[in-house]
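With these hints in hand, go ahead and build the complete structure from the sequences.
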Amino acid sequence: MDILFWILIIGCFILSFVGLLYPIIPSVLVIWAGVGIYHFGINSNEISWITVTMLVILTILLFLADYLANQHFVEKAGATQWGNRAAAIGLIVGSFVIPPFGVIIIPFAFVLIAEMLQKKSFQESFKVAFATFIAFLSGTLAKAVVQLIMIIVFFVDVAI
Numbered sequence: 001m002d003i004l005f006w007i008l009i010i011g012c013f014i015l016s017f018v019g020l021l022y023p024i025i026p027s028v029l030v031i032w033a034g035v036g037i038y039h040f041g042i043n044s045n046e047i048s049w050i051t052v053t054m055l056v057i058l059t060i061l062l063f064l065a066d067y068l069a070n071q072h073f074v075e076k077a078g079a080t081q082w083g084n085r086a087a088a089i090g091l092i093v094g095s096f097v098i099p100p101f102g103v104i105i106i107p108f109a110f111v112l113i114a115e116m117l118q119k120k121s122f123q124e125s126f127k128v129a130f131a132t133f134i135a136f137l138s139g140t141l142a143k144a145v146v147q148l149i150m151i152i153v154f155f156v157d158v159a160i
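Heads up: the sequence shown runs through residues 1 to 160, numbered per this note's numbering.
Check before you lean on any hint, since a few could be wrong.
[Claimed, not checked] With a Cα cut of at most 20 Å, we get these calculated SDA-like pairs of lysine to any residue: (1) Lys127 <-> Leu64; (2) Lys127 <-> Gln81; (3) Lys127 <-> Val145; (4) Lys76 <-> Ser44; (5) Lys76 <-> Ala88; (6) Lys120 <-> Thr80; (7) Lys120 <-> Ser95; (8) Lys119 <-> Ile149; (9) Lys76 <-> Ala109; (10) Lys127 <-> Val158; (11) Lys76 <-> Leu137.
[Said to hold, decoys possible] Cβ pair distances, simulated, as ranges: (12) Ile14 <-> His72: 45 to 55 Å; (13) Ile14 <-> Leu117: 46 to 56 Å; (14) Val145 <-> Ile92: 45 to 55 Å; (15) Ser48 <-> Ile3: 31 to 41 Å.
Since the hints were derived computationally from the structure, they do not count as laboratory data. None of these values were measured; they are calculated from a predicted model. Cβ atoms here follow ideal geometry from the backbone N, Cα and C, with glycine treated the same way.
Dropping the structure here:
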């Protein structure tokens, strides 16, 4: 039975990285699901409070990294509120349209259009749309690193 649980745990960890390209999949929650499967299915006494604390801190860091990367690049480029909203809507729509490329192309196009509708020049609108693209890439990279650290922390704890 442990083999089935380990397959599910590894599947959760892999799925968490798929969630980086398909934002509809809540990556960090999928990692926690893997940890939960281990705790409730294999050994409820093995995961230490130090590991749980580290995972909670890393989860908070993951959300902060994503938010701060987005805010930094988009605000620095001069995005309007409509541009920010268009990026969020584009990310959701892009998850379903031409996946996984939709999460890059659709927000870019939505922001470009939204900024142009705000009477910005094409160059200014393109700059904001490109900043949205850079924010997505940097946020995704930061999340991937934090997720990998979370998974390593888990494996180090259960291996010791």
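Hints, verified against the model:
1. Lys127 <-> Leu64: Violated. Lysine 127 to leucine 64 sits at ~24 Å, over the 20 Å cutoff.
2. Lys127 <-> Gln81: holds (15 Å)
3. Lys127 <-> Val145: violated (27 Å)
4. Lys76 <-> Ser44: Since the Cα atoms of lysine 76 and serine 44 sit roughly 47 Å apart, the hinted pair is violated (cutoff 20 Å).
5. Lys76 <-> Ala88: Measuring from Cα to Cα gives roughly 17 Å; hence the hint holds.
6. Lys120 <-> Thr80: At roughly 10 Å apart (the allowed maximum being 20 Å), threonine 80 and lysine 120 satisfy the hint.
7. Lys120 <-> Ser95: Not OK: lysine 120 and serine 95 at ~27 Å, beyond 20 Å, violated.
8. Lys119 <-> Ile149: violated (43 Å)
9. Lys76 <-> Ala109: Holds, at roughly 19 Å.
10. Lys127 <-> Val158: Violated, because 46 Å separates the two Cα atoms, which is more than 20 Å.
11. Lys76 <-> Leu137: OK: lysine 76 and leucine 137 at ~16 Å, within 20 Å.
12. Ile14 <-> His72: 45 to 55 Å: violated (29 Å)
13. Ile14 <-> Leu117: 46 to 56 Å: violated (40 Å)
14. Val145 <-> Ile92: 45 to 55 Å: violated (24 Å)
15. Ser48 <-> Ile3: 31 to 41 Å: violated (24 Å)
Against the hints set out earlier in the document, violations occur for numbers 1, 3, 4, 7, 8, 10, 12, 13, 14, 15.
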